[in-house]
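Two chains, two frames, a set of hints: combine them into the complex.
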Amino acid sequence: MDVELLEIRQHMGQFPPFDGLSDELLDEIASRVEVSYFKTGADILTLNETMTDLCYIRSGAVEVYRRQGELYNRLGEGDIFGHFNLLRNQKVRFPAKAIEDTLLYFIPLDVFQKLCEEDDHFADFVELERPRLETAAEQQKKANDMMVTRIRKLVTRYPVMVEESTTVQQAAQQVSQSQASAVLVLKEGSTHPRYSFQDSEGRTWQVCGILTDSDFRTRVVAEGLSPQTPAGDVVSPRLITIQSDASIYEAMLTMLRNNVHHLPVLYRQRPVGVVHLSDIIRYETHSGLYLVSNIFHQSNVEGLSRLAPDVRAAFVRMVQEGANSQMVGSALSTIGRSFTRRLLELAEETLGPPPVDYCFMVNGSMARNEQSIVTDQDNALILSDDFIPEAHDAYFKALATFVSDGLDACGYTYCKGDVMATNTQWRQPLSVWKSYFTDWIANPTPERLLHSSIFFDLDSLYGEDLFVEALQDLIAEQAPKSPLFLAAMARNALNRTPPLGFFRTFVMEKDGKHNNSINLKRRGTAPMVDLIRVHALACGSKAQNTFQRLEAIADTQLLATGMSDKLSYAFEFMCMSRLRHQMIDLQEDRLPDNNIEPENVADSERHTLKDAFQVLSNAQKFLKFRYPIPSNRAGR
Amino acid sequence: MTLIRPRRKISQADWAAYMQKREPLAKDPAIQRFFATPPPSLDTPIGEVPMVALDMETTGLDERRHAIVSVGLVPFTLNRIKMAERRYWVVKPPRPLDEASITFHHITHSEIAHAPDLEAIIDSLLAELAGKIVVVHFRHIERPFLNAAIKARRGEGVMFPMIDTMSLEARLHRQKLWARFRRWLGRPPVSIRLDASRRRYGLPSYQGHHALVDALATAELLQAQIATHYEPSTPLGALWS
Numbered sequence: 001m002d003v004e005l006l007e008i009r010q011h012m013g014q015f016p017p018f019d020g021l022s023d024e025l026l027d028e029i030a031s032r033v034e035v036s037y038f039k040t041g042a043d044i045l046t047l048n049e050t051m052t053d054l055c056y057i058r059s060g061a062v063e064v065y066r067r068q069g070e071l072y073n074r075l076g077e078g079d080i081f082g083h084f085n086l087l088r089n090q091k092v093r094f095p096a097k098a099i100e101d102t103l104l105y106f107i108p109l110d111v112f113q114k115l116c117e118e119d120d121h122f123a124d125f126v127e128l129e130r131p132r133l134e135t136a137a138e139q140q141k142k143a144n145d146m147m148v149t150r151i152r153k154l155v156t157r158y159p160v161m162v163e164e165s166t167t168v169q170q171a172a173q174q175v176s177q178s179q180a181s182a183v184l185v186l187k188e189g190s191t192h193p194r195y196s197f198q199d200s201e202g203r204t205w206q207v208c209g210i211l212t213d214s215d216f217r218t219r220v221v222a223e224g225l226s227p228q229t230p231a232g233d234v235v236s237p238r239l240i241t242i243q244s245d246a247s248i249y250e251a252m253l254t255m256l257r258n259n260v261h262h263l264p265v266l267y268r269q270r271p272v273g274v275v276h277l278s279d280i281i282r283y284e285t286h287s288g289l290y291l292v293s294n295i296f297h298q299s300n301v302e303g304l305s306r307l308a309p310d311v312r313a314a315f316v317r318m319v320q321e322g323a324n325s326q327m328v329g330s331a332l333s334t335i336g337r338s339f340t341r342r343l344l345e346l347a348e349e350t351l352g353p354p355p356v357d358y359c360f361m362v363n364g365s366m367a368r369n370e371q372s373i374v375t376d377q378d379n380a381l382i383l384s385d386d387f388i389p390e391a392h393d394a395y396f397k398a399l400a401t402f403v404s405d406g407l408d409a410c411g412y413t414y415c416k417g418d419v420m421a422t423n424t425q426w427r428q429p430l431s432v433w434k435s436y437f438t439d440w441i442a443n444p445t446p447e448r449l450l451h452s453s454i455f456f457d458l459d460s461l462y463g464e465d466l467f468v469e470a471l472q473d474l475i476a477e478q479a480p481k482s483p484l485f486l487a488a489m490a491r492n493a494l495n496r497t498p499p500l501g502f503f504r505t506f507v508m509e510k511d512g513k514h515n516n517s518i519n520l521k522r523r524g525t526a527p528m529v530d531l532i533r534v535h536a537l538a539c540g541s542k543a544q545n546t547f548q549r550l551e552a553i554a555d556t557q558l559l560a561t562g563m564s565d566k567l568s569y570a571f572e573f574m575c576m577s578r579l580r581h582q583m584i585d586l587q588e589d590r591l592p593d594n595n596i597e598p599e600n601v602a603d604s605e606r607h608t609l610k611d612a613f614q615v616l617s618n619a620q621k622f623l624k625f626r627y628p629i630p631s632n633r634a635g636r
Numbered sequence: 001m002t003l004i005r006p007r008r009k010i011s012q013a014d015w016a017a018y019m020q021k022r023e024p025l026a027k028d029p030a031i032q033r034f035f036a037t038p039p040p041s042l043d044t045p046i047g048e049v050p051m052v053a054l055d056m057e058t059t060g061l062d063e064r065r066h067a068i069v070s071v072g073l074v075p076f077t078l079n080r081i082k083m084a085e086r087r088y089w090v091v092k093p094p095r096p097l098d099e100a101s102i103t104f105h106h107i108t109h110s111e112i113a114h115a116p117d118l119e120a121i122i123d124s125l126l127a128e129l130a131g132k133i134v135v136v137h138f139r140h141i142e143r144p145f146l147n148a149a150i151k152a153r154r155g156e157g158v159m160f161p162m163i164d165t166m167s168l169e170a171r172l173h174r175q176k177l178w179a180r181f182r183r184w185l186g187r188p189p190v191s192i193r194l195d196a197s198r199r200r201y202g203l204p205s206y207q208g209h210h211a212l213v214d215a216l217a218t219a220e221l222l223q224a225q226i227a228t229h230y231e232p233s234t235p236l237g238a239l240w241s
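Line by line, the protein sequences are chains D and G.
Note that our numbering has the first sequence beginning at 1, numbered continuously upward.
Note that our numbering has the second sequence beginning at 1, numbered continuously upward.
I should point out that these hints are in silico values taken from the structure, not numbers from a laboratory.
Please note that the accuracy of each hint is not assured.
[Unchecked claim] Computed spacing ranges between beta-carbons, pair by pair:
1. D/L450 with G/S233: 58 to 68 Å
2. G/H229 with D/A560: 48 to 58 Å
3. G/E85 with D/E118: 18 to 28 Å
4. G/E156 with D/G69: 56 to 66 Å
5. D/D23 with G/P94: 34 to 44 Å
6. D/H121 with G/D195: 32 to 42 Å
7. D/D110 with G/L61: 20 to 30 Å
8. D/T52 with G/S233: 23 to 33 Å
9. D/R66 with G/S233: 25 to 35 Å
10. D/F625 with G/D195: 39 to 49 Å
11. G/H109 with D/D110: 35 to 45 Å
Source: prediction; values computed, not measured.
Every residue, glycine too, gets a C-beta built ideally from N, C-alpha and C.
Bound conformation, chain G alone (with noise of 0.2 Å):
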């Protein structure tokens, strides 16, 4: 986590505002339709929200150095989650891969070499998250690496408000009162990583590190968290950072 730089934050509110200013400025016409179909506001009750639970593979953690070699996606409600809608891509990094990455990851570079820049997927990946609210275990990946690999090719990066599922966990893990105790007796703190807060919740261990896979997963955790810490009335903005 050390790799993390602090960023400027965007408070909940001004998603909605952000969002509107972006519009008329956005010169590619992938980010102007993406910014045209905005999200539902902030007040609408999680049962009734589109989302879209959204997973990256890249060679790193910081966005500057480390390029984006897998994406996947799975459209979903608090009701369904859409096999069929899934989408997952491998795409070229500018760099070559270097031998860690493939192991951890799983990808090879016969199948890295065949795939296509990221820049030939960028409108089809925009369409799949327009209007849907995007689910991510651990934003401080997928929003940096996705903006800056937007704006190095189209010349204007993309923000938007997401659900972390992380963040969910940590709430109730780490800054809770009884946290906060635990810490005090020297205990390790709850693990909030995608496989151990699924078990907490019963959901079954699945292969790691594939970016649909990831997706699929993160998408049942928030199902879970959900039926389990709030109701399908819960405002969205309760839940999106």
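Extracted from the complex, chain D is given alone in its bound form (with noise of 0.2 Å):
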């Protein structure tokens, strides 16, 4: 290549989306570039002139304008702008004007489609906002740790094991008894070094096959064999075994390319187990189902919170494994239910059974299955209309405080916003529940719905779950036909908005201030959330989570097409940034938070984030022209 372009090239293939971009494309876009100086201040394009170029920041800083002048971005080294201009019709949409001394390259239109035409990881990052998110959140699916955990792990007992000579129905007995699907087969003596082993005894030992369930009913029943056949008669003298060292995806493949089920894990020459191909699988699919039977074989708080390290490890491995947040969300919320479940499990042990039925009510994350590593405790009681307070509330109210404080002890801290059962507001019979919804929904204000919105996600995690039925009946029933309830809650969901993006080191905001760090909940899926209930509450679904709330609205004609993707897209960005920082904290010894600062943000990370933030900005605006205030109260 041409050493004079090397200035160029190597300064455009550290920034994306060059820096994906084959040499011979780098070459061509530094062989046809062409340079211009602008002075702070300078217009560089300005609003309907024709434009030809894509413009490439080489130093110095941008900000991008909408048509109403309003800032739409703020850019600095190695920063492209001008892409959504070519895209549609080579018109500026967006002015852009130098706030630094700037040097630029502009890339010709020609060569601009040739990248977009061989280049889909350019063309989609060039594209607008939905096949960046979509291919982000594609891409977090990737690879897990299927590749480097230990089959060793999945081993749980010893083998069962029966000499040569046994019959097979003795055979079969200890495989029933032992509750196991699969029995080695040895021999004493070692023919081959192969497989021999030595016992705790000293006593050499060969193994000389596996009987599984199926080869009793192939080998023996089928061939009508007599049930005091020797088992070592009948063994298959194919062993196909793997080593407890080699990787589950090892054993995985070694399972599929042999056509078997089971496979005997070695240490050495030594059995030390069986997995079956369903332990794989059961590994891959619930990777929290061993701490939530642990949570259920705890018989006091203390071994409760004890477990509270577990949590924090199944979710960074979760975060590590590539699972989306829809996976992580579901899997500690279930994780926080059984904690809440075995507590009033416990609860109900000390103080005796319940002296009216009761539904022990979850709301917001845990009732949407979203939860993080960092949440509180947001929980109500609905008590049977049987429910006499002077004869019943002091167990209610011992039960609520039992669990409480034990949540607390597990790390689920007590909710600010005193959302609890402890409250003898949120510990009602039913019919006093339907009454507080009926009220907000008829008589609301975005004042007083801004402490009981979260009451609009609810779900019963204990007891009679008709009672929360009833409840989200209700809703579903009066909500759709409320514009002045529907129009408060809009409201809420506007009062907090995501930031502009990030410049530089910095967080930046619409008015073009800077900031050190942005909490992205309260700035990225608490609004998505808040938001999405909206629509949801509108078409009557009784969906909790989020992304099924968005099913449930793609269904009806209440959103654009295409539109609940969008935001289901961004949704998982904003999640998956989320949790992977506080996985970072965790890794790091940090308490993890919901803060994320611009210098631990990867690049392409925040030209998805700030795609992601530009959705719900425009889902924002279209919620305040979607659920006015209806006239004839807008003047009260």
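Shown next, in the form of structure tokens:
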């Protein structure tokens, strides 16, 4: 290549989307750029002028505006702009101005078009929000740690083993007693070093084969053999095994390649266990399963609270493995629900059976199955209408206190807004709860709803779940018919807005001001949840999970086609960003929080986050327009 | 700078007359074509002037003893520097290169060994420069070296007006009252070398000593100087020398 172009191509090659380009394409760009200098304050692109180049910032800084003059983005070294204009009839719709002395490289239209045609990554990058968010969300589901986790991790117990002289009937009985599904057949002495080992008494054994459930069927019963046939006579001479330090992935491949479902696991030549295909599948799908069963084995609060580090470990593992935000959210919610449920069981053991039926209701992120590792408790009690305060409330107050204190000990801190069953207001019979919701919906003001919106994410956790269903039905019935309620909820959903994006090591606000960090929950995921909840209420959906709500919304005509997909990608990306930063906090022994610092955000993540913020911002504008304050009430 | 001898100066207003006078006298067709395509007149606004940034790497500073080893140029206007139209040549000097200048220029013996003599590029080079204003950083290298090299090969030299970004920088930093005051205070003079000048305008640092990269750097510097201290309507005559 031309050494004289090195200056240009080396610079561009560091920044997305150019960093993914082939050397040939980079050379071509470098040989075709046109260079221009802009003084601070100089106009680079003016509205409606024709433009024929993509702009690349070699040095300096640039601000891009919307048609109305509102700030759209602030860009620095290595950023590009003008691609929206190029993709739409080459008229400038987003004017740009130099805010520092700036040196620009212009990439001619034909080169830009060639890049879009020949490089998918480049095309994704410059196209509008959705494709990039979509790609980013999908890339998060990348290869997981099946490649690195060793198979011995799945071995939970010693294999069932019999001597070759044991009858198949006795062997089958042993398998049944051990609740296993296979048995290894051994013979004493060694004819071959392969599969031979010494037991604790110094005797040498050799594994001659495996008998599985299906072997008992195909090799014994179907063949009409006697139950007294020695096991050694029916084992297959072909034995497929795996070493205990092989990866789970290798084990899975070995099973598939040899079409076997059982795999004896050996440490050197000694069998240490038998892994079944279902063990691998379970490992893959239920990473938190072990933790959950452990929760239910605890007999007191101390035992439960000792599991808190395991929750964090399970969280880190899931994020590292590439689980998406729904998987992580539902796993953490399941874990949180298991803690709560076990605490309720323990409370009932201590306090005795409840005097009347009740339902322990969860709200907020746990109801939505979207918990993260940084979470507090939001819960309430719905009691049977047979409830008599004087006679029964002492019991439920004690129950609520036991659970709430227990949850706090397990890392689910007390709710700052006092949305807990310990609060008398939120420990009421069903009829009172119904009147709460009816009142919120019929007489809404944004101020009143500010603190009660958390109850519009509601799910039953324990007890009589018909109580919560009755409330969900009531909401789904009344909310769509109450424009004033929807307008008030919509107004509250606009209280928190996303920032514009990032600029160098700052978070940039819409007014151009800078901040050092951003609370991604407050400025991203929470407003998104609020916004989607309003649409879900409007269409009478009973779904609680944000993604499921989006699916319900997509089935209606409420949003433009494709909009719910866009929201879904944007939400997924913001959630994952937040989870990833919490994982980093945990790995670096910091207290995880919802803040992300721009210097820890990779270049590609910045661009995608900015797109996600943009989707949220546009959706908020639409929300305001879609649920106006009804005119007959507006004057009051 | 002590190696630079005082040379006959052609005053600004004379450039058109000088070039007009040279045209009928020229015997070499390439040189004649060059003088037949004069650059814009001195009252043309700089925003309308076609320019070409030129840089040469030489084996030393004296055109009588040293030779050109590479030539880089890039045509541009006040709005755009066109990399697609860049030209770059390595040429073989009549005398062998010494080690010092090799390390200085990053040009190797083998590159030079396979390069043609400057004679082979004169026609193309003059065609690129014709009708445009040549922009250099420190004209006392490019102008005498080019003149001497062409004269040695074609029997007649070539002189033409240039914009010198270094002398524009000197006007700002060396000849103003403030600069004299600084000197009086004993402060070192502001550097007007290419890289130092560029930094004052927020322009990035480039790896120096490559003729084309320096030509690009010079073109960017002129754009920055005009954007900062002049106007697109500033007449060419206020800038050339």
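Exercise for review: Would you pick out the hints that fail for this structure and give their numbers low to high?
Suggested key: 7 and 10
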